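There are 4 protein chains.
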Amino acid sequence: MGAAPMQALASFRNDYSEGAHPRLLQALVRASAAQHTGYGLDAHSVRAAELILARCGQPQAQVHLLAGGTQTNLLAISAFLRPHEAVIAANSGHIATHETGAIEATGHKVLVTPHVDGKLTPDGVRALLAENTSEHMVKPRLVYVSNTTELGTIYRKAELQALRALCDQAGLLLYLDGARIGCALTAAGNDLSLADIAALTHAFYIGGTKNGALLGEALVVVERSLQPDLRYLIKQRGAMLAKGMVVGAQFEALFEDELFFELAAHANAMAQRLQDGLKAAGVPLLIDSPSNQVFPILTHAQIQALAGFTSFERWSPYDDSAAVIRLVCSWATGQEAVDGLLSCITGLFRHDPPRSATGS
Amino acid sequence: MGAAPMQALASFRNDYSEGAHPRLLQALVRASAAQHTGYGLDAHSVRAAELILARCGQPQAQVHLLAGGTQTNLLAISAFLRPHEAVIAANSGHIATHETGAIEATGHKVLVTPHVDGKLTPDGVRALLAENTSEHMVKPRLVYVSNTTELGTIYRKAELQALRALCDQAGLLLYLDGARIGCALTAAGNDLSLADIAALTHAFYIGGTKNGALLGEALVVVERSLQPDLRYLIKQRGAMLAKGMVVGAQFEALFEDELFFELAAHANAMAQRLQDGLKAAGVPLLIDSPSNQVFPILTHAQIQALAGFTSFERWSPYDDSAAVIRLVCSWATGQEAVDGLLSCITGLFRHDPPRSATGS
Amino acid sequence: MGAAPMQALASFRNDYSEGAHPRLLQALVRASAAQHTGYGLDAHSVRAAELILARCGQPQAQVHLLAGGTQTNLLAISAFLRPHEAVIAANSGHIATHETGAIEATGHKVLVTPHVDGKLTPDGVRALLAENTSEHMVKPRLVYVSNTTELGTIYRKAELQALRALCDQAGLLLYLDGARIGCALTAAGNDLSLADIAALTHAFYIGGTKNGALLGEALVVVERSLQPDLRYLIKQRGAMLAKGMVVGAQFEALFEDELFFELAAHANAMAQRLQDGLKAAGVPLLIDSPSNQVFPILTHAQIQALAGFTSFERWSPYDDSAAVIRLVCSWATGQEAVDGLLSCITGLFRHDPPRSATGS
Amino acid sequence: MGAAPMQALASFRNDYSEGAHPRLLQALVRASAAQHTGYGLDAHSVRAAELILARCGQPQAQVHLLAGGTQTNLLAISAFLRPHEAVIAANSGHIATHETGAIEATGHKVLVTPHVDGKLTPDGVRALLAENTSEHMVKPRLVYVSNTTELGTIYRKAELQALRALCDQAGLLLYLDGARIGCALTAAGNDLSLADIAALTHAFYIGGTKNGALLGEALVVVERSLQPDLRYLIKQRGAMLAKGMVVGAQFEALFEDELFFELAAHANAMAQRLQDGLKAAGVPLLIDSPSNQVFPILTHAQIQALAGFTSFERWSPYDDSAAVIRLVCSWATGQEAVDGLLSCITGLFRHDPPRSATGS
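Protein chains in written order, with full-length UniProt numbering: chain A, 1 to 360; chain B, 1 to 360; chain C, 1 to 360; chain D, 1 to 360.
Quick caveat, the hints were computed from the structure, so don't treat them as lab data.
The structure displayed is predicted, hence computed values, not measured ones.
Keep in mind that a hint or two might mislead.
Unchecked claim - A partial selection of chain A residues facing chain B, derived with a Cβ cut-off under 7 Å: (1) Val29; (2) Ser32; (3) Gln60; (4) Thr100; (5) Thr209; (6) Leu215; (7) Pro228; (8) Tyr232; (9) Lys235; (10) Gly238; (11) Leu241; (12) Ala242.
For each residue, glycine too, the CB sits at the ideal point set by N, CA and C.
The shape of chain A in the complex, shown without the other chains:
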């Protein structure tokens, strides 16, 4: 295994460290042997779209298979908006923080409002609407949410319904970034189905990269008035793969049975096992996550020690002596890896017990 990590433990840095699930690789290898129509018009892409639309219960919707999340976000948002129109997002939103200004690079401002547990609230949207009221300011037009959120939390059906009702009342579009939608739909406490999301949003995407595919996101455009000419925009942004079947065959494999949901459920289960173990060990958490990302608060010394065993992201400062890290499980995370990590962390506490949370 040439690219073996130097850590004794597997990495918990993110949910895209591994390649693809074996069944997706098999589908890809099989499809690779045949000739296909190019540019996403191949039989695998067409069937993947049909399977997705059937799940969504929206036969009139469009599906476009794209390569990555930032690409999908910038493409959709710039396709849907006129130049003076802006996006509303939580200040923790991926487009607001970790996409290198991709939305602004297409000409649109991202207006932000403080998140509540990683989520955008109707009150937050209303505050931005109240501030942006004339032609001297941008015109809010699209509401961006992600599910799961950047903090691993999920939207309840009533929350999405409230956002959509506000959007309808204020003439806004509702767009959902589903990079981790699989984990959202299989999280503890979730009461949304894919069909619910399709019914409640004007457009959203289903993330493959973070749920078992080598690459690929499926943009679903439900609102009819947003559908025309999207393939022109996909080509123009450099997002149209010549061999579109590469993504098509993988999404076909994910959705021809329950695989997409099974992979996400596994990632959640591993993360919950990890989070439960941390709680049992007395480790304070930034947030009680229902999905595949866990956010323990550790002292700087603990973090430094842990970094010798595995890799993870330093999420945010916490206070003078501690910080938040992020541990992520994926479809490929094994139970023994989780248990190994828990042993390792528990071991750290022998001489340096877990700090107690001071709030938030």
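Following the hints, complete the assembly by docking chains B, C and D onto the known chain A.
Okay, now just chains B, C and D, sitting in the frame of chain A:
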């Protein structure tokens, strides 16, 4: 084989109908099992870059692995230019005709001048320099060429040297679109090496999609002043794959021995066999192609009949009774497929003999 | 007169060398003494819009007063188009040649087709429609014409009707750049009124800068679906003047009686006197201009000699021994200046007679 | 006076209600009679630039005369930055709040940090630098400040020096929006000269529109590496006036003696008289302003009553019973207008005494 084409013959529509060469698939499957650093910083991508740079003889150059050709062109060009600077291209250039205004969408004008056998000439560049001379016009700054060209022709070393000399004199950058650079470097009559191209251009890309990869292009930035911060721009344009090893593992396999060149040489050999057969049958050609694209001139009736057997692109009108079609061979084209196509075309001539060319 | 030109003769370089007509200056000085609502919502701008709309016979149209022609073109075109949509223009069109890629800088490609006497023809439009037919190419959406054209020629009503009919059939918008619309509407042979132009286009602008104003163009948006939110876009592009009354008061003065047309008619009359004199002296012309721009063909020696007396633009090469220059008259050009120029040119011919035209 | 306001009192809405100072109008009328070179290359623009540079003590700097503030900001910032580079501004900054996303429309993100008395602080800049550290985030590159700020406050020399020192250390450009720079440089407590500002910034602009001109801002580019090709960008953004002398003649008149500073000093004096009167009457203020904008806190009933007499901007909510309004004086504000306003406000208090401030 679920996606089997309906034609009796394989498709000659393009060089991206098939998936990837088996050795690339194996490399990908192998790499998929391990954990990797994300965003193109994995060991496979790093090694692929090293192998490419060694071939280029430019250890100080940068390599960035990207997903597709339009993406690579728009990314590189928009990264290299200030807002008022423009590109010079032949009027047949891919960025000028078949990328849905991707360059303009990043804010830059593409100035065009008539091609000569698909190629840009120093005289063409000089004509545009002579027309664009003040702040009321765009400022030409980057010269775009593709090798092979859209017509399958290739640049000779002396031609590239002349363009580079003009660029140096006029303060222009020379950028080469190498979507089919493999076929160029293995074409009959070629006198350029990868190292020559690296030495003669400021930046260029090596096409993987059209030469045996599922997807992937390797942007090589030779000029030091163009290198800073390119990863920011890659992220911003949505071109940074989370699982960068998908492209890295394939380029590693292409360049760890001679595979990249062998695949291209095969495509050329098949196309030359096809072209020779067409010539022998008396079929006029738009151009005598040295590479993997062939441009026969057929009557409308012949074209219609042929479309019943295989698929291909209608390239351009020719005259009232005839048109040009394009037939493309790839690394995956078998000799029997070529011979079958030739038989088929010869068969068409029993009642409808080949027209004689009236000039081009 | 501190800025007196060094030439013995007035300049014939363009129609924006002088400031504003005295009646406009008076209106401006008078308005300057009062307080006004800002941003183009003042009483002068409102009344100017009313006067213009009454002339146009389009009470439902919108008028926006802007500062300059390039600004107006880029604002209107970028407001009207989605990102993948393109403009069709004659290759001599101002946006295609002399606006430093302003349209491309907003993301849109300008497709060009050869002009006929400076004009765009339905056949030219059809040729571009035939070439741009799929999502791999831009989507033509807006047809740009200018009246008068860059060569001083004018569109006949039947020509505009034919373009509009084609636009309606092909789903295109028709936009007219009226930087010199005053001279067009008062040219010999014109059969269009302002109301005709308003009825035949979706949007157009009335040029003030080249017809007696210090600055200012009036964008008229006839098509209802293009009207929403334009003030947002005007602000965003930096085109909203805080003291909008500066343009408003001038357009009010131009349109409260016949002044706008009188100034243009004067410019045309002076240019026709000049052109008649040149013809009488045997000077060949690039084109028989009906408006305020004249294009004589002179030998290089004659051009060099003339440059000692007045200033003008070198328009284009003609042949080895001769070139085309442009002489422009304005609302401010005096008859004695024209006669002086004619004497001067005639004098040049004593030892260097006018060349005979060899065709155009 | 056709556009007489309906209020009994003059408007205090802003400092661009009136036209131009009589001496500027005279200069403009005089210049209008002569012929000029176009596009800002006329003798008046050239001399205005010389006068400004002499004041700045920066003979190597460039001056570009433009039409308005948003135009100047978007032009300069988009000219100075590469696509992935971002601006740092206070959250009260004009580009962040009241320019309809003009900076984002050129592709650049504006990062904001809380203002302190309307000002950007080194700590605020450092916080944004600490958050934006990799290619997944934009790269901060330009620091935007305005002087006076949106709250009428001014930067002390030590504050600008501290910002510049931080910029030098972090590789950032310092840009100053001087829409009200005249009022800043003549405010009570100011210790900066125009030469200081030129020495401490890489580029800044001198506002004419809000200080006695009909329109016009003078962009001063001190940093040599930012100077090349700016005229291309000015043309491309639609910011190059054909009759550039319109702005040139006005700036010449403003800077050929002390007029620019005298006009600003008058505006400040009137506002201070107003603010002193408000204080004497017991009116709480949002901030103790040293310049031409005053921010009293009034009850909703008082605001409604006052709106019957004059016009002003409602600035921000304050608490349940009160709000902040903005009163602005200009070069054209008469002492009797100020005294009339004070009488009017005092009168309002007979039955509705001024509320007492509850903090900040």
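### Task
Let me know if the C-beta of A/Lys235 comes in closer than 7 Å to any C-beta of chain B, holds or violated.
Nearest chain B Cβ about 4 Å off; hint holds.
### Message
Hint A/Leu215 vs chain B: min CB-CB distance below 7 Å?
### Response
Check passed: Cβ of A/Leu215 comes within 6 Å of chain B, closer than 7 Å.
#### Entry: Status of the A/Ser32 interface restraint (C-beta, 7 Å, chain B)
This hint holds: A/Ser32 lies near chain B, its Cβ roughly 3 Å from the closest one there, short of 7 Å.
### Query
Given A/Leu241 was flagged as interface, is its beta-carbon under 7 Å from a beta-carbon of chain B?
6 Å, holds
### Hinted contact A/Thr100 with chain B - closest CB pair below 7 Å
4 Å, holds
### Query
Can the hint on A/Thr209 be confirmed by a CB-to-CB distance to chain B that is less than 7 Å?
5 Å, holds
### Query
Given A/Gly238 as an interface hint, is the shortest Cβ-Cβ distance to chain B below 7 Å?
Holds, about 3 Å.
### Query
Would the stated hint for A/Tyr232 survive a check requiring a Cβ distance to chain B of less than 7 Å?
A/Tyr232 check passes; min Cβ-Cβ to chain B is 6 Å, inside 7 Å.
### Message
Restraint: A/Val29 near chain B, CB-CB cut 7 Å. Satisfied or not?
### Response
Nearest chain B Cβ about 5 Å off; hint holds.
### Message
Quick check on A/Gln60 please, does its C-beta sit within 7 Å of some C-beta on chain B?
### Response
25 Å, violated
### Task
Double-check A/Pro228 for me: the hint is only fine if its C-beta lies closer than 7 Å to a C-beta in chain B.
With a minimum Cβ separation of about 15 Å from chain B (threshold 7 Å), the hint on A/Pro228 is violated.
### Message
Using the nearest Cβ pair, does A/Ala242 come within less than 7 Å of chain B?
### Response
With a closest approach of 4 Å, the A/Ala242 hint holds.
Checked against the numbered hints given earlier, this structure breaks hints 3 and 7; the rest are met.
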